[in-house]
Amino acid sequence: MNEQQALWTGGPILLIEDEPSVIAFLRAALERKGYAVVNAASGAEGLQRLSNGRYAGVISDIRMPGAVNGAEVHGWIQKNRPDLRTRIILISGDTANSETQAFLAHSGTPSIEKPFRVQQLIAMVEKTFGKP
Amino acid sequence: MELAVEAAQSRHLPDFLEQFALRATRMLDAMWGGVAVYRARETELHAMPGGSATTEGAADWLISCARDSQNDVETRAIPKEIAAGLPFLEEPGVVFFVRIAASDNERLGTLCLIRNRKTLGAEEKRLLRALASHAALSLENFQRFSQLERSKRQWVEDIDAISDYIVVHDRAWNIVRTNRSLASHLGVPPVALVGEAMSSLRQIAETGSDLPCPFCRDTQRTKEEYVAASAERIFLVSTSRTPGASDDDTRTIHVLKDITDRREAERRYRELFDSIQEGLFFATPEGRFLDVNDAMVRMLGYASREELLRADVSPHLYPVPEVRERFLRALTERGVLRNYEETLRRKDGTLLHTLQNITAVRDARGRIAQIRGLMLDVTEQKTFQSQLQRERDFNQKILNTTQSMILVLDTAGLISYANRRCYEAGYQEGELIGHRLVEWVEASHRKDFDAALETTAHGHQVENLELRVRRSDGSMGHFSISLSPMRDEQKTVNSVVVVMTDITDAALLQAKLAHSEKMATIGRLVSGVAHEVNNPLAAILGFTDLLLENPEVPGSAREDLQIILQETQRTKDIVQDLLSFARQRPVQRELVQVNSVLRQTIKLRSYDFASHGVEVIEDFEEKLAALGDSQQLQQVFLNILNNAYDAVQEAGQRGSIKIHTRRKAEMIEVAIIDNGTGITDPQRIFDPFYTTKQVGKGTGLGLSICYGIVRAHGGEIQCWNNEMGSGSTFVVRIPVATEAALSAAAREVGR
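So the protein sequences, as listed, match chains P and R.
Take -10 as the starting number for the first sequence in the numbering used here and just add one per residue.
Take 732 as the starting number for the second sequence in the numbering used here and just add one per residue.
Hints were generated in silico from the structure; no laboratory data involved.
Source: prediction; values computed, not measured.
One thing to keep in mind: the hints can contain errors.
Said to hold, decoys possible - When the alpha-carbon atoms are kept at most 30 Å apart in a straight line, the in silico DSBU-like pairs for lysine-lysine are as follows:
#1 R:1128 - R:1113
#2 P:22 - R:1128
#3 R:1303 - P:116
Please put together the full structure from these sequences, using the hints given.
The structure is reproduced here in structure tokens:
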């Protein structure tokens, strides 16, 4: 991954996450740092928003209820939103799943494992999406 | 001529000779006459009647002179001393010796005449010669006649000597002769029967004909033979008829042979032959029956003796011709076959198993003319026997092929039988048979075994008694034992059948299965729980961080927040451990030298071991390579070593940790043996959160994680408390790297 900080492109961060307590804490942490946050409660909703919105980047949980999981969101972006191709952060709650592990290793996508420190997250967001 | 006829007719020679001497004396005007006759070596002198008063000396002289005389007629003077012995001699006279010769000139006798006148005229000489030749003829006839008489007498004697009854009768049915046997049978002299009617012999036996003779049947035949019987006796009557010159001369001769005994013997024989339960037979070498008894007919399933004798049964009777040939060869060689077993085919096609005793009857050239034998039907015994044999074989097979050890004990508990499995398991016959089975049972279990034996001896079955029993190699095994009583005819328990199965492996396998199942369940549970905990944990951690970043939060609250942060961190660690136990991370498949992994692991703790006087003994078998993840394996070994270290520390004595590595079949076995305090519950040690350590000293997940790692390597991990002394043993088994894996790894290195 590029060691350099990404250029800030503007727009809100799309947060695809189903767990309200996690959404609340992430929103608070990001907004405090000056990021706007748009939430999608499922993978499907996330893809719907991604089809016509402008976003600074996407933070997606890997494991979500419903038909579309984090890996599929990642795949869709690679195919349909080249502008966001490198602007994805995945949150994994469970590294036990060998498929998840393989996917993370293969894609080289930045990821962060729950539970994480706020500082860890902000550092990764600034590096991947740039500072507003 | 007249004399000769007279002589021939006379049946008494001396009378004839005396009369002849008298006539000759008179015809020649002599004083005395006599005839000397020669019989073999003896000479007899027959004087004329009234002239026998000669002295011994005179007679001897006359005889010797007669014998010495050479010519037809000789004249001798009578010496004075002889003359004295002849009282009729009034004055000295002479003796004329006239030779009497047979037609072949053999001297038969000498005519002696004494008279006074010494000279014989020519006429007188001719007369003497004529007298001599007449005498010769008579003597010759007489000799022939007496010979005839003698032989006739001899013949009668011979006839009389025959024990068979002989009777001769004429045409008028009158008895002409009988022999002595017949007469004495009737209690009369033979002559008494002559002239009697033949019908008087009816009491002896009868043929049943209407003729006056009880023994005649067909008078036209010259020979007859038949059996005549009375109430008591049976006769074989042989009859011959000799026709004479006239009808009156016809003689019929009956010879009656008493065959009662023979008949009886025959009858008895036949009776025995037919009534005997064994089959009796006479047969040709070709197998055709000449005679058989009823039992034989019955055995072979024929309707009658005639049917069996008539039919050429040979091809049907002997199902295998080769066997028949072999039988004939053996019989030819030995002549007698005892207890010969042969399978025959009955009329209906079923098989008849026989036991035979056979004798060969040979002809003059030594070939077998007839086969005589006695046959026993042993089909039933044979069937029973083969059934018994089959049953025995079947039982034997079961006994020998079963995987259980089967023993028979007497009621005292002594082993009297052990099946093959016992010996395959390594026990020696000498240490089983005659020994008490209880000796093999572990001391602490003997009471239980004895109690079970006692129960069985009282007729009750004991099932699945689980005892520890010493194996042949000395190790203790877990055995399932069932005892069943065996009873004799009186229903008394006389022995006990013991079925023993070594269930050590089975028990172990079952425990392992149960354990791995339990672990898998726990893994799924833990994984789910950890996952659910992660989200709230993330929120708590996140908000705590946010609060700490908030400058408005007072200092005292920050301290509390630090504690929350710390505890959240601890919770996070626990969840991480739980997940790594449950996770079964995919194992890195690389070639791992197990010994070097162990050495590195020991190095990690070597400082602690050295400073606390814990001795580490390495006993490694070299070149033990496995395919796996060296990091994960190190984690496993470190975990076990840590446990061992803690255990020996706690024990307080000089600690010792032995580490063995061995290759066992396709597995590498790593054993870590300590002399520490041992484990309270080895069965639960791999359970998550099972810990004997103080609260806070560990999460209780270390060994659970080890368990997961070893399982992921296709291996197993076990632990138990040492039997001898103290401490515990951990054993890790992982598969040996295959040859293919090794060469693949070698290529990897080469590249």
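Hint-by-hint comparison with the structure:
no.	hint	result
1	R:1128 - R:1113	22 Å, holds
2	P:22 - R:1128	87 Å, violated
3	R:1303 - P:116	26 Å, holds
Hint 2 from the earlier list is the only one contradicted by this structure; the remaining hints agree with it.
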